[in-house]
Amino acid sequence: MALQSLDVIRRSATTTASPHQRETAEVAKLIDVSKCIGCKACQVACMEWNDVRDEIGTNVGVYDNPPDLSGASWTVMRYSEVETDRGLEWLIRKDGCMHCADPGCLKACPAPGAIIQYGNGIVDFHQENCIGCGYCITGCPFNIPRISKKDSKVYKCTLCSDRVAVGLEPACIKSCPTGALVFGTKEDMKHHAEGRIKDLNERGFKNAGLYDPPGVNGTHVMYVLQHADKPEIYHGLARNPSISAWVSIWKGATKPIASWLLGIAALAGFVHYITVGPNEVEKEEKE
Amino acid sequence: MSDQSEPIVRYTAPERANHWMVAILFILAALGGLSLFHPYFFWLSNLFGSGTWTRILHPFIGTLMFLSFLGLTGRFWAHNRITAADRQWMSQMGDVLNKRRDRLPEVGRYNAGQKYLFWVMVATMILLLISGILFWQPWFAPYFPIGLIRVAVVVHALSAFVLIMGIIVHIYAAIWTKGSISAMTRGTVTAAWAKHHHPGWYREVSKEVKQ
Numbered sequence: 130m131a132l133q134s135l136d137v138i139r140r141s142a143t144t145t146a147s148p149h150q151r152e153t154a155e156v157a158k159l160i161d162v163s164k165c166i167g168c169k170a171c172q173v174a175c176m177e178w179n180d181v182r183d184e185i186g187t188n189v190g191v192y193d194n195p196p197d198l199s200g201a202s203w204t205v206m207r208y209s210e211v212e213t214d215r216g217l218e219w220l221i222r223k224d225g226c227m228h229c230a231d232p233g234c235l236k237a238c239p240a241p242g243a244i245i246q247y248g249n250g251i252v253d254f255h256q257e258n259c260i261g262c263g264y265c266i267t268g269c270p271f272n273i274p275r276i277s278k279k280d281s282k283v284y285k286c287t288l289c290s291d292r293v294a295v296g297l298e299p300a301c302i303k304s305c306p307t308g309a310l311v312f313g314t315k316e317d318m319k320h321h322a323e324g325r326i327k328d329l330n331e332r333g334f335k336n337a338g339l340y341d342p343p344g345v346n347g348t349h350v351m352y353v354l355q356h357a358d359k360p361e362i363y364h365g366l367a368r369n370p371s372i373s374a375w376v377s378i379w380k381g382a383t384k385p386i387a388s389w390l391l392g393i394a395a396l397a398g399f400v401h402y403i404t405v406g407p408n409e410v411e412k413e414e415k416e
Numbered sequence: 036m037s038d039q040s041e042p043i044v045r046y047t048a049p050e051r052a053n054h055w056m057v058a059i060l061f062i063l064a065a066l067g068g069l070s071l072f073h074p075y076f077f078w079l080s081n082l083f084g085s086g087t088w089t090r091i092l093h094p095f096i097g098t099l100m101f102l103s104f105l106g107l108t109g110r111f112w113a114h115n116r117i118t119a120a121d122r123q124w125m126s127q128m129g130d131v132l133n134k135r136r137d138r139l140p141e142v143g144r145y146n147a148g149q150k151y152l153f154w155v156m157v158a159t160m161i162l163l164l165i166s167g168i169l170f171w172q173p174w175f176a177p178y179f180p181i182g183l184i185r186v187a188v189v190v191h192a193l194s195a196f197v198l199i200m201g202i203i204v205h206i207y208a209a210i211w212t213k214g215s216i217s218a219m220t221r222g223t224v225t226a227a228w229a230k231h232h233h234p235g236w237y238r239e240v241s242k243e244v245k246q
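Chains Y and Z, in that order, are what the protein sequence lines are.
Numbering-wise, the numbering used here puts 219 at position 90 of the first sequence, and it's gapless, one number per residue.
Numbering-wise, the numbering used here puts 121 at position 86 of the second sequence, and it's gapless, one number per residue.
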């Protein structure tokens with residue numbers, strides 16, 4: 130769908146402009162952790178709509194099942210039992226791709242068009258162009274992409290780009306029984322979150338807040354957290370995620386400069402040869 | 036001394052075979068590596084069938100290159116010890132490039148440029164192997180922490196850049212210095228060439244012949 134679409138803002142490993150004639154509003158999924166009951170209906174909806182089935186695993190002693198994201202599990206619930214100022218709390222976070230405005234995966238990807246960022250903010254993997262190098266994993270500040278053992282391609286949440294493209298909301302949103310998952314324009318979702326945060330504040334969650342990290346220029350999956358001052362208690366949610374400095378060095382200006390230097394070195398040799406001339410044994414020495 | 040005199044053996048057949056094995060593997064590794072280095076070069080991945088084939092083959096080619104380079108390392112290690120004269124030679128790069136040979140210290144079997152290039156190759160080959168294994172998908176990368184992999188990709192790209200630069204210099208030097216290429220293709224050089232470019236080495240080999 131990527132190139133037929135008229136609202137692509139960025140394509141991986143592409144140095145020319147992407148087709149973006151169509152103006153689209155930015156969308157966002159809002160995950161209200163305070164309303165989540167951990168029923169995993171969203172996990173099931175994700176499997177069902179995308180028609181992927183993970184292998185049946187084993188009980189690891191906690192509710193987390195499957196225990197991690199994989200090529201076939203694009204969203205998983207993370208359960209944390211945490212002591213806070215309110216006593217013991219059971220915090221349940223739906224984990225998956227955050228759809229960063231500044232996506233580290235796309236920046237790191239060497240395969241043209243394998244990762245696409247749409248005008249609506251969705252970051253999508255196009256497996257037909259994926260070469261299986263795993264650089265996106267290196268670039269991601271949220272530890273999301275997974276290489277499938279089956280086909281050595283990477284997979285992650287698509288934010289149901291296929292559904293959103295035809296005006297439907299993502300499958301997970303449809304399935305949520307408590308309204309913990311909401312979908313709409315990013316502006317509307319921020320507004321909705323404000324109301325939720327106000328409500329939580331009134332109920333004594335003084336530090337409730339919206340998780341829309343500025344280090345990656347905001348995300349198109351946002352959380353309402355009861356304890357936004359301590360995101361790490363939600364199964365290690367990054368406090369201030371951003372693309373690693375190493376990845377920026379690796380994928381920033383360094384490589385184009387290095388590429389030019391290689392060309393210049395070869396050219397310098399040629400210029401030297403035609404100006405100074407070859408390094409030969411002089412005639413008199415030969416005799 | 037005439038050009039018709041007996042050619043001097045510079046490289047034996049096993050040395051030449053080893054050199055060209057490394058050279059061919061280097062070309063393949065560089066083409067595959069460059070195609071993943073920057074989108075400027077991604078089209079090079081077509082030489083290997085596809086981007087995916089490039090990703091699959093590149094680490095195997097690189098590992099083979101490292102292993103065959105071990106052979107060269109063993110063969111040439113002792114010839115490449117850096118001396119005070121070598122440091123002097125390097126500091127007079129302007130004289131080298133402008134063929135003012137009379138102002139430079141006497142050169143033995145290898146000049147300082149060749150020696151430093153040898154050590155640059157030893158260092159970058161080791162760095163490329165270690166860093167490459169750290170993000171070799173799907174076999175090894177999953178066993179290493181992400182922080183280490185992020186450093187490894189930078190080290191790998193940087194070492195590859197230095198190595199390719201070094202090889203550009205190496206190839207150009209061979210083209211520039213007429214009479215050098217036969218050393219690696221036929222194994223021999225002329226006495227005049229040896230006397231002109233490597234007088235110290237020429238003295239050694241002609242002594243050996245006399246004994």
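Derived by calculation from the structure, the hints in this document are not laboratory data.
Certain hints may be false.
Said to hold, decoys possible - Short, incomplete list of chain Y residues facing chain Z, as computed with Cβ under 10 angstroms: (1) 369; (2) 373; (3) 379.
Built from N, CA and C at the ideal position, the CB exists for glycine as well.
To see whether the hints hold, each was checked on the structure:
1. 369: Violated - the Cβ of residue 369 of chain Y stays beyond 10 angstroms from chain Z, reaching only about 16 angstroms at its closest.
2. 373: holds, 5 angstroms
3. 379: holds, 5 angstroms
Hint 1 from the earlier list is the only one contradicted by this structure; the remaining hints agree with it.
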